[in-house]
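Chains as they are written, first to last, in this note's numbering: chain D, 1 to 200; chain G, 1 to 200.
Keep in mind that a hint or two might mislead.
Given that identical chains are not distinguished, each listed pair holds provided it fits within a single copy or across any two copies.
Unchecked claim - Each computed DSBU-like pair below joins lysine-lysine, with the alpha-carbon atoms no more than 35 Å apart:
{"no.": "1", "residue 1": "K74", "residue 2": "K127"}
{"no.": "2", "residue 1": "K8", "residue 2": "K99"}
{"no.": "3", "residue 1": "K2", "residue 2": "K68"}
{"no.": "4", "residue 1": "K177", "residue 2": "K197"}
{"no.": "5", "residue 1": "K184", "residue 2": "K8"}
{"no.": "6", "residue 1": "K127", "residue 2": "K99"}
Just so you know, the hints here were simulated from the structure itself, not pulled from any lab data.
Small disclaimer: the values here were computed from a predicted structure and weren't measured.
Number of protein chains: 2
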Amino acid sequence: MKEFEALKKLLERDRTIRRFRQDPVSTATLIELVGLTRLCASGANRQPLVYALVNEPAMLDAIFPALKWAGYYKDWDGPSESERPTAYIVQALDTDIIKNPLCDDGIQLQAITLGAAALGLGGCIIKSFNAQILREALGLPQNITPLYVLALGAPGEEALIVPQRDRDDIFYYRDDKDRQCVPKRPLSDIIFSINNKHGL
Amino acid sequence: MKEFEALKKLLERDRTIRRFRQDPVSTATLIELVGLTRLCASGANRQPLVYALVNEPAMLDAIFPALKWAGYYKDWDGPSESERPTAYIVQALDTDIIKNPLCDDGIQLQAITLGAAALGLGGCIIKSFNAQILREALGLPQNITPLYVLALGAPGEEALIVPQRDRDDIFYYRDDKDRQCVPKRPLSDIIFSINNKHGL
Numbered sequence: 001m002k003e004f005e006a007l008k009k010l011l012e013r014d015r016t017i018r019r020f021r022q023d024p025v026s027t028a029t030l031i032e033l034v035g036l037t038r039l040c041a042s043g044a045n046r047q048p049l050v051y052a053l054v055n056e057p058a059m060l061d062a063i064f065p066a067l068k069w070a071g072y073y074k075d076w077d078g079p080s081e082s083e084r085p086t087a088y089i090v091q092a093l094d095t096d097i098i099k100n101p102l103c104d105d106g107i108q109l110q111a112i113t114l115g116a117a118a119l120g121l122g123g124c125i126i127k128s129f130n131a132q133i134l135r136e137a138l139g140l141p142q143n144i145t146p147l148y149v150l151a152l153g154a155p156g157e158e159a160l161i162v163p164q165r166d167r168d169d170i171f172y173y174r175d176d177k178d179r180q181c182v183p184k185r186p187l188s189d190i191i192f193s194i195n196n197k198h199g200l
Numbered sequence: 001m002k003e004f005e006a007l008k009k010l011l012e013r014d015r016t017i018r019r020f021r022q023d024p025v026s027t028a029t030l031i032e033l034v035g036l037t038r039l040c041a042s043g044a045n046r047q048p049l050v051y052a053l054v055n056e057p058a059m060l061d062a063i064f065p066a067l068k069w070a071g072y073y074k075d076w077d078g079p080s081e082s083e084r085p086t087a088y089i090v091q092a093l094d095t096d097i098i099k100n101p102l103c104d105d106g107i108q109l110q111a112i113t114l115g116a117a118a119l120g121l122g123g124c125i126i127k128s129f130n131a132q133i134l135r136e137a138l139g140l141p142q143n144i145t146p147l148y149v150l151a152l153g154a155p156g157e158e159a160l161i162v163p164q165r166d167r168d169d170i171f172y173y174r175d176d177k178d179r180q181c182v183p184k185r186p187l188s189d190i191i192f193s194i195n196n197k198h199g200l
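Sequences and hints are given; from them, build the entire structure.
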């Protein structure tokens, strides 16, 4: 039970962060984080995912223009120069191994972001990116398809879960203390049935 | 660092298990496990996943025939009657919310299986199932599409990670102690590049 509570606390701390302090993230740390993915379940154990690690200033600058930030913040284009991520972990699929990674992508990203939270880092999983810019910056061959970019760094903002006001309330926002507030569905909406009886 | 090491240990323990002791898993435990998914990042925060929980004998019997077990064990059809899972968590997509859950599926499954490992339970994420049997047993309406079945219970077998013998070695096997051995790729094969320089 103690381990379960520790995991819960870690999941609570593992919030999406889009503004970063400018402390560097070491290559050793990035390697440790990706090392966690070796411990994950993989569909039919195919293990088709690979990673490109980025923490050098020139490479950070090359990746940043490829990324689209926070769709719900219409008047915010992404972190300013002094708030940008100081590292990226790019998750990619080796299509020579398999075309469909099933849910390996999310399983591994969760392991990495939990690891990052455990080390006091924060991040943002980004699906909306210019693949061409990414491919060129990273020198990815044809069979290596980028799936997700995890932006990483020391958290430069606070984020917290808040209750949904209604079922359509999915829009994260910044409150008057400039904290990022993320409405989450109640458990009663997530549990569809128990032993075939509808609802919680 | 202590938290990181604890996470690593939990990930190591969170192995796929396909044979179970027959201790029951309480409804409260299943609810706790699904509760972890509320703490997870979600693509555009849409939160389209819902869960059906199963732990009653009649329902367990109704679900079991829908499942296909361990593709690589050609002479093993799945757990015998005295080794079957004592609970299921069925992850489903509410297609009224969104058609593509991105990697929410894996992110949430990882949270649940880590939670299960923390509670001393084990499980198996199953993608190969007869959706029609599942739909009927669970009374799922048209907009609720089952994505994965997590079979759960007290572990009735040991499982461990072993090094790959070569790049094609992905086939898990049972060793002479009847332990499930799962070959995992070395980190040097998973890290594609560091700051654009190929390899670890």
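Using 35 Å as the alpha carbon limit, work out where K177 and K197 are close: within a copy, between copies, both or neither. Neither: 42 Å inside a copy, 42 Å across copies.
Could you place K8 and K99 in one of the four classes (within, between, both, neither) given a Cα distance threshold of 35 Å? For K8 and K99, the Cα distance is within 35 Å both inside one copy (33 Å) and across copies (29 Å).
When no copy is named, should K184 and K8 be tagged within, between, both, or neither for a Cα gap of at most 35 Å? both (15 Å within a copy, 27 Å between copies)
Given identical chains, is K127 near K99, meaning Cα to Cα at most 35 Å, within a copy, between copies, both, or neither? Both: 18 Å inside a chain and 16 Å across chains, each within 35 Å.
Within a copy, between copies, both or neither: which one fits K74 and K127 at a CA-CA cutoff of 35 Å? within (18 Å within a copy, 38 Å between copies)
Checking K2 and K68: alpha-carbon separation at most 35 Å within a copy, between copies, both or neither? Answer is between: at 34 Å across copies they meet the 35 Å cutoff, but 39 Å inside does not.
In summary, the structure is inconsistent with hint 4 from the numbered list given earlier, while agreeing with all the others.
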